[in-house]
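Novice: Using the sequences plus the hints, can you model the full thing?
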Amino acid sequence: MMLMMLSSGGRAVGPPPGKDSAETRWAGYVAAAARGDQAALAALYDETSPLVFGTIHRILMNQADSEEVTLDVYTQIWRSAGEYTPDRGAVAGWILMLARSRALDRFRSRQRRAGQETVLDDLSPLRAAGDQPDEIAALEQQRRMMRAALDTLAPEQKQAIELSFFGGLSHTELADALGQPLGTVKTRIRLGMTKLRQLLSAGKEVQ
Amino acid sequence: MDFDALRGQCELYLLNALDPAEREEIDRLIASRDAQAREAMAAAHDLVAQLALAAEPMKPPALLRSQLLNRIRQESPAPPKPTSILSWSGWAVAAALLVGVLLLTSDRSELHLASQRAQEELTRLRDEIRVQRKVLAVLMARDSRTIRLATGTPEAPQMRAYWSQPEGLILTGSGIAVPPAGRTLQLWVVPKQGNPISAGVFRPLGDGRVLLITESNAPIAGAAALAVSEEPEGGSPQPTTKPAWVGALGD
Numbered sequence: 001m002m003l004m005m006l007s008s009g010g011r012a013v014g015p016p017p018g019k020d021s022a023e024t025r026w027a028g029y030v031a032a033a034a035r036g037d038q039a040a041l042a043a044l045y046d047e048t049s050p051l052v053f054g055t056i057h058r059i060l061m062n063q064a065d066s067e068e069v070t071l072d073v074y075t076q077i078w079r080s081a082g083e084y085t086p087d088r089g090a091v092a093g094w095i096l097m098l099a100r101s102r103a104l105d106r107f108r109s110r111q112r113r114a115g116q117e118t119v120l121d122d123l124s125p126l127r128a129a130g131d132q133p134d135e136i137a138a139l140e141q142q143r144r145m146m147r148a149a150l151d152t153l154a155p156e157q158k159q160a161i162e163l164s165f166f167g168g169l170s171h172t173e174l175a176d177a178l179g180q181p182l183g184t185v186k187t188r189i190r191l192g193m194t195k196l197r198q199l200l201s202a203g204k205e206v207q
Numbered sequence: 001m002d003f004d005a006l007r008g009q010c011e012l013y014l015l016n017a018l019d020p021a022e023r024e025e026i027d028r029l030i031a032s033r034d035a036q037a038r039e040a041m042a043a044a045h046d047l048v049a050q051l052a053l054a055a056e057p058m059k060p061p062a063l064l065r066s067q068l069l070n071r072i073r074q075e076s077p078a079p080p081k082p083t084s085i086l087s088w089s090g091w092a093v094a095a096a097l098l099v100g101v102l103l104l105t106s107d108r109s110e111l112h113l114a115s116q117r118a119q120e121e122l123t124r125l126r127d128e129i130r131v132q133r134k135v136l137a138v139l140m141a142r143d144s145r146t147i148r149l150a151t152g153t154p155e156a157p158q159m160r161a162y163w164s165q166p167e168g169l170i171l172t173g174s175g176i177a178v179p180p181a182g183r184t185l186q187l188w189v190v191p192k193q194g195n196p197i198s199a200g201v202f203r204p205l206g207d208g209r210v211l212l213i214t215e216s217n218a219p220i221a222g223a224a225a226l227a228v229s230e231e232p233e234g235g236s237p238q239p240t241t242k243p244a245w246v247g248a249l250g251d
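Read top to bottom, the protein sequences are chains A and B. For the first sequence, our numbering assigns the number 1 to the initial residue and increments by one for each residue that follows. For the second sequence, our numbering assigns the number 1 to the initial residue and increments by one for each residue that follows.
Just so you know, the hints here were simulated from the structure itself, not pulled from any lab data. Note that the coordinates shown come from a computational prediction; the quantities given were computed from them, not determined experimentally. Heads up, a few of these hints could be off.
[What the hints assert, rightly or not] In the EDC-like style, the derived pairs of lysine to aspartate or glutamate whose C-alpha atoms are separated by at most 20 Å in a straight line are:
(1) K59(B) x E68(A)
(2) K242(B) x D27(B)
(3) K134(B) x E75(B)
(4) K59(B) x E47(A)
(5) K134(B) x E68(A)
(6) K134(B) x D65(A)
(7) K59(B) x D65(A)
(8) K134(B) x D72(A)
(9) K195(A) x D2(B)
(10) K134(B) x E67(A)
Specialist: Have a look at this one:
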């Protein structure tokens with residue numbers, strides 16, 4: 001059921017018909033939040049905040065900043081809930097991309113303040129978390145699939161995709177950081193994403 | 001371009017891995033409301049978002065939830081508050097409320113609930129004070145600059161920015177049209193030399209009001225202008241559209 005929370009490369013977006021998926025529930029929360037239902041936003045927060053906070057923390061590696069950005073993300077969801085429509089993708093995708101954007105915005109702001117260059121080592125490792133919240137246990141299978149899929153990529157493809165997603169580096173910046181030609185970096189990302197899409201689609205069919 | 005190729009391009013678009021000309025092509029397709037392009041973008045959006053699952057989930061601190069609820073309660077169409085400017089008496093009232101509740105409520109569950117509510121109210125007041133102190137600090141700073149951001153049309157709504165190097169940058173406006181779904185507004189510091197620097201993304205409230213408080217660290221002395229452009233949701237590393245509002249800083 002949870003595998004369809006984010007569509008994984010197929011053309012169909014959203015939950016399979018007839019299934020009471022988390023995606024359907026979250027879409028309901030967003031619709032209710034758009035009508036001013038604060039309890040709906042609270043419920044959405046309860047179910048999605050570990051994912052959102054984890055993503056933001058992975059990007060920022062800083063507790064205080066991650067908390068502030070998480071607050072901003074849900075405030076923005078509250079303000080713009082009425083603008084969400086399913087044709088823009090799954091609710092989870094909308095929320096996670098919003099979280100990524102806001103975190104990267106903060107990350108760049110912090111970089112400018114510190115006058116630092118991106119430290120690749122800080123972005124690469126997957127951070128282990130001791131506290132696995134119950135609310136996202138149902139997502140574990142989907143997470144395992146994504147991580148397994150990432151692990152099947154060539155290391156340079158995985159590195160390019162992770163630095164692009166979590167580090168917010170453009171392909172130009174990546175090329176500079178990795179000392180590789182622009183075309184090479186772009187090809188790594190393209191091939192890696194194609195393979196991810198195929199793997200996740202295949203995994204979904206198996207389920 | 002077939003669907004799969006278009007979806008692949010959209011994935012690279014979202015990962016900021018396209019050349020400017022390729023980005024413009026995707027922007028053009030999306031702006032033209034091409035059905036296939038929109039479907040491809042939605043599918044790409046979902047796949048790219050799944051990369052977030054590579055991060056370990058982490059439960060945020062419990063206090064964050066009450067802060068969020070306090071914040072949205074403020075933004076909801078609730079009964080008007082007696083005053084929008086919080087005075088120290090507000091703190092005193094809140095503190096007295098907390099103490100009073102603690103002393104007078106004997107039932108433990110009620111005491112717990114009331115204490116929690118009072119704590120939430122204090123948190124909300126703290127947030128409000130933090131925002132208002134920030135605004136005051138920027139406005140009263142010795143180096144505070146006021147920049148009017150206008151469009152090319154004289155009667156169009158303007159925005160106004162207040163900028164102090166140590167205190168921050170505030171953007172205000174009213175009557176600003178809310179961008180369409182999937183788009184947002186982004187504030188830029190345009191330096192005298194080099195590329196524009198993002199100072200934050202924002203959306204006007206439903207009634208067109210704008211209040212953006214940012215921590216821009218771009219040096220005022222090196223800035224030529226502030227600009228606001230419409231960008232894809234979440235913002236862009238560099239402007240992808242011509243800025244709709246521009247305000248020069250002058251010397």
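Novice: Hint by hint, note whether the structure agrees.
Specialist: Taking the hints in turn, this is what the structure says about them:
1. Between the alpha carbons of K59(B) and E68(A) the distance comes to roughly 14 Å, so the proposed pair stays at or under 20 Å and holds.
2. In summary, the hint linking K242(B) to D27(B) is supported, as the alpha carbons are separated by about 13 Å, within the 20 Å threshold.
3. Proximity of K134(B) to E75(B) is assessed by CA-CA distance (about 19 Å); at most 20 Å being required, the pair is judged to hold.
4. Simply put, K59(B) and E47(A) have alpha-carbon atoms about 10 Å apart, close enough for the 20 Å limit, and the pair holds.
5. Only pairs whose Cα atoms come within 20 Å are accepted, and K134(B) paired with E68(A) is accepted, the gap being roughly 16 Å.
6. Restraint check for K134(B) and D65(A): the C-alpha separation of about 17 Å stays at or below 20 Å, so the hint holds.
7. Distance hint between K59(B) and D65(A) is fulfilled; the C-alpha atoms sit about 15 Å from each other, no more than 20 Å.
8. Taking the CA atoms of K134(B) and D72(A), the gap is near 17 Å; set against the 20 Å cutoff, the hint holds.
9. Between K195(A) and D2(B) the CA atoms are separated by roughly 18 Å; this keeps the pair inside 20 Å, and the hint holds.
10. Proposed proximity of K134(B) and E67(A) is supported: the alpha carbons are some 19 Å apart, at most 20 Å.
Hint compliance for this structure: no hint is broken.
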